[in-house]
Amino acid sequence: MSTSALLSDAAKRKIDRELTKYPADQKQSAVMSALAIAQDEHGWLPNELQDEVANYLGMPSIAVYEVATFYNMYNLKPMGRHKISVCTNLPCAFSGGVDAAEYLKSKLGVDWKELTADGKFTLVEGECMGACGDAPVLLVNNKRMCSFMSPEKLDKLIEELK
Amino acid sequence: MMIDYGPDAIILKGLDGSNWRLKDYETRAGYQALKKILKDGIKPEDVTAEVKKSGLRGRGGAGFPTGLKWSFMPRPFAGPKYLVCNSDEGEPGTFKDRDILRYNPHILIEGMIIAAYAMGTAVGYNYIHGEIWAEYERFEEALEEARAAGYLGRNILGSDFSFELHSHHGFGAYICGEETALLESIEGKKGQPRYKPPFPASFGLYGKPTTINNTETFAAVPYILREGGEAFLNLGKPNNGGTKIFSLAGHVTRPGNYEINMGTPFARLLELAGGVRGGRKLKGVIPGGSSTPVIKGDLMMTLDMDYDSIAKAGSMLGSGAVMVMDDTTCMVKAAERLAYFYFEESCGQCTPCREGTGWLYRIVHRIEHGLGRTEDLDLLLNLADQIQGRTICALGDAAAMPVRAFVKNYREEFEFHVAHKRCMVGPGGYSTSPVNEPLAMAAE
Amino acid sequence: MINLEIDGRPVQVESGATVMDAANKVGTFIPHFCYHKKLSIAANCRMCLVQIEKAPKPMPACATPASEGMKVQTNSEYAKTAQKGVMEFLLINHPLDCPICDQGGECQLQDLAVGYGAPASRYQEEKRVVVNKNLGPLISTDMTRCIHCTRCVRFGQEIAGIMELGQAGRGEHSEILAFVGKTVDSELSGNVIDLCPVGALTSKPFRYTARSWEMSRRKSISPHDGLGSNLVVQVKQDRVMRVLPLENEAINECWLSDKDRYSYEGLNSEDRLGKPMMKIGDAWTEVDWPIALQAVAEGLKVVREKHGAESIGALASPHQTLEELYLLNKLVRGLGSGNIDARLRQVDTSADGRLAGVRWLGMKFADIAGLQSVLVVGSTLRKEHPLIANRLRQAAKKGLQVNLVHVADDDLLMKVANKAIVRPGGMVGMLGAIAKALVEIKKASLPGDVATAVAGIVVSPDAMAIAQSLAQQAKTAVLLGNFAQHHPQYTMLHVLGQEIARLTGGTFGLLNEAANSVGAAAVGVEPGKDGMCAQGMVRQPRKAYVLMGVEPQQDCYDPVATMSALRAADFVVSLAMFKGAAAEFADVVLPIAPFTETAGTFVNAEGTVQSFNGVVKPLGESRPAWKVLRVLGNLLELPGFEQENINSIRGEIAPDLQAFVDARLNNTISGVKVDIPAASGGIARVAEVPIYAADPLVRHAPSLQKTADARMARRIGLSAGLAEKLGITTGMDVRVTQAGNSIILAAAVDNGLAPDCVRVAAALAETAALGPMSGSVSIEKAAMAAAAD
Ligand SMILES: Cc1cc2nc3c(=O)[nH]c(=O)nc-3n(C[C@H](O)[C@H](O)[C@H](O)COP(=O)(O)O)c2cc1C
Ligand code: SF4
Ligand code: FES
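Protein chains in written order, with the numbering used here: chain A, 1 to 162; chain B, 163 to 606; chain C, 607 to 1395.
Keep in mind that the hints are not guaranteed to be accurate.
Okay, the calculated beta carbon distance ranges per label pair [said to hold, decoys possible]: (1) C:1017 to B:533: 53 to 61 Å; (2) A:23 to C:1265: 52 to 60 Å; (3) C:674 to A:140: 52 to 60 Å; (4) C:1021 to A:44: 44 to 52 Å; (5) B:474 to C:975: 52 to 60 Å; (6) B:349 to C:1017: 50 to 58 Å; (7) C:1314 to B:319: 53 to 61 Å; (8) A:114 to B:473: 44 to 52 Å.
So these bits of chain B aren't anywhere near chain A, every CB distance computed over 12 Å [said to hold, decoys possible]: (9) 203; (10) 310; (11) 316; (12) 326; (13) 476; (14) 551; (15) 574; (16) 592.
Simulated pairs of lysine-lysine, PhoX-like, Cα-Cα distance not exceeding 25 Å [as the list claims (entries may be wrong)]: (17) B:358 to C:1004; (18) C:1003 to B:358; (19) B:351 to C:1003; (20) B:495 to A:113; (21) A:21 to B:198; (22) C:1021 to B:351; (23) A:77 to B:370; (24) C:686 to B:358; (25) B:351 to C:644; (26) C:1003 to B:370; (27) C:1021 to B:370; (28) B:358 to C:663; (29) B:370 to A:143; (30) B:370 to A:21; (31) B:351 to A:12; (32) C:686 to A:27; (33) A:27 to C:1004; (34) A:113 to C:660; (35) C:643 to B:358; (36) C:644 to B:370; (37) C:660 to B:474; (38) B:351 to A:14; (39) B:474 to C:1004; (40) B:358 to C:690.
Note that these hints are calculated values from the structure, not bench results.
Every residue gets a Cβ at the ideal spot worked out from N, C-alpha and C, and that includes glycine.
Turn these sequences into a full structure, and let the hints guide you.
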């Protein structure tokens, strides 16, 4: 049992709230939200942090690692302050999704999974976000969805986040 | 301003984007079905019977008769049973459940409460796609409203029926849309589908009897219990009851959701969306989500939008995601992107899918990039056969079917790519038809 | 019962059985990788696809329930096509370099590829490469070869009881690994090597030392714990290269503990004796057999003449064979002495003479599965009997209530119903309390002395809970572990355990320490009325000692006293496999053959007699101990040492060894007055025998000595409260002092340890200096101690 160093009390309280959703003997059910909460705090999921989540939920570290590496939206490496995921799946591609991605690549001077020189942005290729009607769509740090991202709106967004 | 979901709308009727709260829903006859059931003490089995009568079929893709599925739940049963809603909408082209969650969450909550009553389940979960976080938070808010109003929790509306409902978010894995992967995910594991049998109705969440339905399926339930199964059935046609929400994307003038009666001609649906973008010629349509076989344009124009008609034409109505492609579309490029998606999303558990999806993608990729060989086309078809029907879950089929259909329906384009190392329809890329900016602006 | 057809052959199976079960029943082989009869069904490899009449698609035999009237085709064109398709997929990313793969020649993928693979690959792309992982000293990885069957992962979750391996990532990128920076430390870890159908997980010590077809496979029996695992010993040019399990459902099932699997490394240790040695003057020199044997005969004769036969004592290891123990006993008694014992770590022998027979498990290993409630007293279960622990773990999953009375709350990786963690001095009292509680529950009565002994005891909630668990179930057992057998009040624990079993109508038994503890007792290697026990021979030192397979510093209850007794003796002969510290105490050392180099017999804890043959020639000039003893017998002019071969010895012991043993198994102690000692104060030493220090052979196995278990055994455990009081934290060097002797080792705070206890392992050279395996100790920070000096 390592004593928590990275996981803040605030985070633990959030996790405790998630735990109330599940049967008492099924704490593991909260692991996805626990990791999401931890990631919101740290920007990514270093192994020590995953270990703490494992201890907090009383599950094997490797089982936490399995989850963290299975779901796309967990960051296993440090990211730019803003992770921008652009959907390039077919329906979006038909309505400018790929063009939007290309526009961002040249504007930020990075390719997929790369970090901008100023450390502010990481660009990643997203899969269908269930918002194909609003193409081009992108996500900022997993949680903020931006729709109909024309070049003008992309410029505005980058300005705002800079 | 009301959002125009088409004249037939019942689930998405009267929504303007901001009138999602409980009080708004109640003004739209919300929770009346539930009140009626509890007040008149309608028996659970009669609720299920009504759903059977309605001809409601699963809106998640498989189109399985909902009432029948409910009747599989053991009752009485010692120990917990679970009800799960599948809002993990991730099938490319599908974005209907999102509108239900953000603009009309209480219709889903009411639907689930009624289902729980019918099957005698005390706890339910709604699994929400990780990428639509705002919807997840709104749904949590709606749940709080429902709890506060006594629609959820102990002794609902003073009856002796209790039901607690929670939401659980995904975090980026298409496969969790598969019902047993979804259950694993709620249990805090990787989203790896289970081999069936046993089916969820006997061994589901935490190993307990569980029923899983799609968001839209549950959302149709209040209407059925309020207006009667008969009424719902008659909106559509026999064995294809009610309305269906279709998500139109691709080369149409007004992409978006349109709720129409089952059996409405495709031509009419296309019209609602303003026709093919820029008035171009219709080349092909993927009628039910990226995993369903593409249908050639001319044939599609002759079809009605219901499970049986589309099935007759050799494809599937699936989740109701309609992807429209005009004559500037490169079908090889389109097939490549879908093959890539299934390769990326394979859970990696079973051999044919783990190894096969990557192989399929690499071959299509090769062809698209002018490195294809003549024998590749038959290899693709053969590999599709080696994957389909040999995997634990249907993702294997979902990966194989589109590739097979694209090669069969547009073989000459693939052959052209192999022979001339370039695209047959244009300079390459997905299509050359311009994206309509005005629409984007309009949606502000 | 369900009737179905496999390839036209009718077969009947239980409902719930799968098509695979049905096929196995008629001996039809269906190709498979992920399926394993002891593991849950994963159905992920898809190699077992078969054709089933009316099924729309090929079905996995391993996961498809058999149903009435089903017609299955396992190698129709249809089935074959499906299977070949899967095989093609498996091979596209699998290296085809079998000649350099350690699994080559024993690879299920390689074997099946012959029948199901295509001549040329249609896959033109680059193959996947996966980086290897460091899983510790025992398992070597070649992860690019992995076919994702997840057997290794399921083994951890379902058998070992701890998930150390997992499958990270997803799709084509998924890979098997341990959590970053962690190794696989389970005492059963090596089994994943057998489970892995390809060369992804292989044996690290064995790696690249031989090809499977160069080795001959010979049967043998493990010489370590009381289980007596059945072994396949693989031999190349008279050298043991590797040990694998020989499946025996009644004993080790299809598993091996890491101790059984890797201890063979000790057989080829540098420390093995190649020639007899003796002290000539002060010089320690190699000599020829005749000289050495003469010297031994002389030495013993002289002592007998000068001091009488009873001044001769013999200590034998319970890891020696039945035949060797029998002849040693005959020799010592032939010389006229009754001083012989193999219970080297048992201090309380007050029950000698009151025991009805040979102490044993009291049941068969297989019966554990049928138990409903069990009380395990004084056992580090997992480390002492890894595979018996696994039987209890599997039974616990099916509802067996496991109850514990012990001094430490170690994680047994199984569901424990109730536990009473008490100080060593409190164990007898706790059993008394449980007995008292049972009397109340059962409205039964106790024998007078017991009744009076427990009269004063207050029944704690723990004791009551345990009593309830035992009282409420029909099939129960009470088992005494090694710690209980080494306990200073062992006899009381035994008698009370026996009472508890009587009150609950359950079985009473012992988890016998060694491979041949039962055998040794059966052939009379125990002092009669006329003799002394192991401790007796140390407390009242003898003039001459005969040691067989014993390393006195590690194998005896009190290393200090034992060593000084030996040093003071006129003459000491040691029959040993290893040099060890012999020079410090012996006058003559005779090199004897380990179990792989001689024929022999072990009798395990359940009383099963298991004979085996040597699998290689004795190393150097070492000889089977039975031959050595026979010659000694002759040189000493003792009658009855003409045995021609191993069979003549066996025949001499009894015409039917199993019947001979069965007739003697009996745990009943009678005529011992029960009194419960007042719990003592002070800081108590808890001395357990570490898993990889239990006997000379395992102590000489280098890879096992590199494991986490071996490392942890060399830490000094402290009760949390005590550590806090003394300001000691994990990792700090501490000095432990027992009866004036001290040692310094790193501390490890142990939250599960009973109050005011210090855990210092026995059987280690590092701790030998402390002396007895029980007693009170003092402890302080080493730094402070240094300052004080
Ligand atoms: C790969 C795969 C992805 C799926 N994705 C979804 C999904 O996103 N939403 C959904 O409702 N059903 C999805 N399904 C179907 C579900 O497994 C299940 O059939 C459905 O949720 C049942 O609800 P229904 O009967 O109301 O349609 C998917 C199935 C597969 C094989
Ligand atoms: S078909 Fe693909 S997604 Fe489905 S279980 Fe097999 S590997 Fe996983
Ligand atoms: S053995 Fe049946 S799928 Fe692997």
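Problem - Unsatisfied constraints (hint numbers, rising) - result: Failing hints, ascending: 4, 6, 12, 16, 21, 23, 29, 32, 34, 39.
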